[in-house]
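Chemist: In case you want the letters, here they are:
Number of protein chains: 2
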Amino acid sequence: MKLDHGSLEDLCRGAAFLGTGGGGDPYIGRLMVEHAMAESGPVEIIDPSDVPDDALVIPTAMMGAPTVLVEKLPRGNEAVKSLRRLEQHLGKKAFATMPIEIGGINSTMPLVVGARLGLPVVDADGMGRAFPELQMETFAVYGVSGTPMVITNEYGDSTLIETHDNKMMEWIARGVAIRMGGAAYIAEYPMTGEEVKRTSVPNTMTLAIEIGRCIREARANHVNPFDALLELLPTTPYSFGKIIFRGKIIDMFRETRAGFAAGRAHIQGLDEWSGVMEIEIQNENLTARVDGQLKAIVPDLICIMDSETAEPITTETLRYGQRVTVMGVAVPPIMRSPEALALFGPVGFGIDEPFTPIEQMG
Amino acid sequence: MKLDHGSLEDLCRGAAFLGTGGGGDPYIGRLMVEHAMAESGPVEIIDPSDVPDDALVIPTAMMGAPTVLVEKLPRGNEAVKSLRRLEQHLGKKAFATMPIEIGGINSTMPLVVGARLGLPVVDADGMGRAFPELQMETFAVYGVSGTPMVITNEYGDSTLIETHDNKMMEWIARGVAIRMGGAAYIAEYPMTGEEVKRTSVPNTMTLAIEIGRCIREARANHVNPFDALLELLPTTPYSFGKIIFRGKIIDMFRETRAGFAAGRAHIQGLDEWSGVMEIEIQNENLTARVDGQLKAIVPDLICIMDSETAEPITTETLRYGQRVTVMGVAVPPIMRSPEALALFGPVGFGIDEPFTPIEQMG
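Protein chains in written order, with the working numbering: chain A, 87 to 448; chain B, 87 to 448.
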C-alpha cells in the first residue's frame with residue numbers, strides 16, 4: 087500500500103499505543119515523514135511475504151533517550167547515511183528497510199528512509215512494541231546478528247560496529263550514542279527476506295494504522311475510544327486488553343541514566359480506582375503496580391493514554407496533572423516464548439519477578 | 087636495523103623516559119614484543135626516508151588508562167586485528183606500521199604488530215612523547231585525518247570510526263574504549279609515506295634506544311646516569327634538560343576519570359631541594375610546580391625517575407615512599423609551533439597558563 091497523510095496520522099497514534107510509552111515523540115516522526123514525502127514522493131509499505139527470500143533488508147531507527155530527541159531534533163538524513171554506509175560495507179544494495187520496533191518515532195524513521203531512497207518499508211518490526219535496548223529484538227531471539235551495524239549523528243560522523251554478540255553491540259553502540267549527544271541514528275540487523283519472515287513480528291505497521299484509526303473514528307462517532315480499542319484487540323495478535331487504572335499524575339521523577347530516559351510516574355486513582363499506581367520507566371513503561379501490587383509487567387504492553395481522548399502519551403511527555411487511563415495488553419506468542427522472555431522479559435531488565443501474562447493478573 | 091633483545095630493553099627504558107610518565111607499563115610491552123618475536127621472528131625498524139611516498143602506513147597503539155592496562159592485559163592480537171580491519175576498509179595493504187607516540191607500551195605495540203605481520207616499523211612517531219588524547223598528534227597538527235580508525239578489544243569486537251574532525255574521533259573512540267573495559271587497541275591516521283615524512287617526529291625509536299643505552303651504560307660504568315643523560319640530550323633534537331627536583335613521594339592521588347588515569351603526585355624535597363613539588367597527571371605528567379611555582383609544563387617533558395637507578399617511572403606505578411628525581415626536557419621545534427601548542431600545549435588540557443619553554447623556567 088502507498089502511505090497517505092491520513093494513514094500516517096493513524097499510524098503514528100497506533101504506534102505510540104503499541105510503543106508502550108517508548109520510541110520517541112510520534113509528532114516529530116510524523117513531521118519528518120511528511121517532509122520527506124513532500125520532497126521525495128510517497129512511500130510503499132509491503133507485506134513480509136512480498137520480500138524475496140534472498141533480498142537484503144536493513145532496518146533503520148533512532149537510538150537514544152526520547153527526552154533528548156525532543157530537544158535535539160534530527161536533520162533527517164542520518165538514518166539514510168547509516169543504511170548507505172552499511173550497504174557499502176556489505177557490498178550489496180538493500181531491497182527494503184523496516185522498523186526495529188513499533189513505537190513513536192521509530193515506526194516512522196524507516197518511512198523517512200524509504201521515502202528518501204525510494205525503498206519500500208516492510209510491514210513488520212523486531213520488537214512488536216518498543217524496548218530500550220538493541221539486543222531486545224525478536225531478530226536476536228531467533229538467531230540474527232545485530233552487527234555489522236552503523237550509527238550516525240547529525241554531523242555525518244559514523245561508527246561501524248562489529249561484535250561477537252548482540253548485547254555487546256548494544257553496550258558499545260549505547261556508548262557511542264551517548265557521546266553523539268544522547269540520540270543518534272542506526273542501521274542494524276541486516277538480514278535476508280527469509281530471516282525477516284522467520285524472526286519479525288509481522289504486520290505491526292498496518293496494525294498500528296488500524297489501532298490509530300479505531301481511536302480516531304470512535305472519537306468522531308462519539309463512541310468511548312477505550313471500549314472501541316478493547317473490542318478491536320481480540321481481533322488482532324494482541325488478543326487481550328484491559329483497563330488497569332485511571333487517575334491523575336501526581337508525581338513524575340525522571341533522569342537520563344546511562345543514556346536512557348529512566349524514571350517513575352505516580353498516578354492517584356480517580357472515580358472507582360483507589361490507591362496510587364507506580365509506573366517504572368526505562369524509555370518504555372516496564373511495570374505497573376498499585377500500592378505495591380503488580381498489575382502489568384514487561385513485555386506485555388502498559389499503555390498510558392489521555393483519559394478524555396485516548397491519545398497515547400509517550401514517557402517523555404508525561405507530566406504532573408495529566409488525567410490518564412492505563413491499559414494492559416497481551417503481546418503475541420512470538421514475544422512470550424522462553425527465549426524471548428530471557429531477552430526482554432522481566433529478567434532482561436533486572437526485575438526480580440517472573441513474567442505473569444496480563445490475562446492472569448489479579 | 088633488526089631489533090635484538092638488548093636494543094629492545096634499551097628502547098623500553100628510553101621510551102618510558104620520552105613518554106613523560108605515559109604510554110603504559112613498558113615491562114608489559116617488552117614481554118609482548120619478546121613473545122611475538124619468539125613466535126614470528128625479529129622485527130625490522132626502518133628510517134622514514136625508506137618509506138616510498140605513496141606507500142600506506144598504518145600506526146597502531148593501545149588506547150585507554152594505563153592503570154587499567156596493568157590489570158587487563160592484552161591478548162596480543164588486538165592491534166593486529168585493527169590494522170587488518172582498516173586495510174580491508176581501505177582496500178589496500180599497509181607497507182609498514184609505526185607508533186602514534188613514543189612512550190611505554192605504545193612504543194612497543196607496533197613492534198608486536200610488525201613481528202606478527204612481517205611488516206617493518208617506521209622509526210618515527212606522532213607525538214614525540216606520549217599524550218593522553220588522539221587528536222594530540224603531530225599528524226593532526228600538520229593536516230592528516232585520524233579517521234578512518236579502528237578500535238578492537240580482546241574478544242575481537244571492533245568499531246570502525248569515521249568523523250569530521252580528529253577531536254570528535256577522540257571523543258567517540260574514548261567512549262568505545264571505556265565500554266571495552268578501559269583499554270583497547272587501535273589503528274588510526276592511515277597515511278602515505280609522504281605524510282609520514284612531513285608530519286611525524288622522526289627517529290624517536292632509535293633515540294629511545296640511545297637514551298635507554300645511555301642510562302644502562304652509565305650504571306654499568308658507575309657514572310651518574312643523570313649526568314650522562316644531561317650530556318646526551320644536547321646531541322639530540324631534545325636539546326635541553328635539567329633536574330628540576332629531587333625528593334620522596336609523600337602523597338599520590340589517582341582516579342580513573344572519563345577513561346583517563348588522572349591524579350596528582352606530591353614530592354617532598356630532599357637534600358638541597360626544599361618545598362613540595364606537585365605533579366598534575368592525565369595519563370602523562372602535565373605540569374610540575376614547587377609550592378605553587380611552575381617548573382615545567384606540557385608539551386615539554388617531565389620525567390620522573392628513580393633517584394638511585396634513573397629508571398623512568400610511568401604514572402601508574404608511582405607510589406608513596408619512592409625516592410625520585412624529576413627532569414624537565416625541551417621538546418623539538420615541530421612540537422612547539424603555534425599549531426602544535428594549540429592542540430597539545432597547556433590550552434589543550436584546559437590549563438590557564440601560557441607555555442613557557444623549560445630553558446626559560448626560573
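Hints listed in this document are in silico derivations from the structure and should not be mistaken for laboratory results. Take these hints with a grain of salt, some might be off.
Any copy will do: because identical chains look the same in the list, a pair fits if it lies in one copy or spans two.
To be verified - The calculated DSS-like cross-link candidates involving lysine-lysine, where the alpha carbons are at most 27 Å apart (straight line), are:
no., residue 1, residue 2
1, K167, K88
2, K167, K253
3, K167, K283
4, K178, K167
5, K334, K179
6, K88, K283
7, K178, K328
None of these values were measured; they are calculated from a predicted model.
Chemist: Of all the hints numbered above, which does this structure not satisfy? Sort the numbers upward.
Modeler: 5, 7
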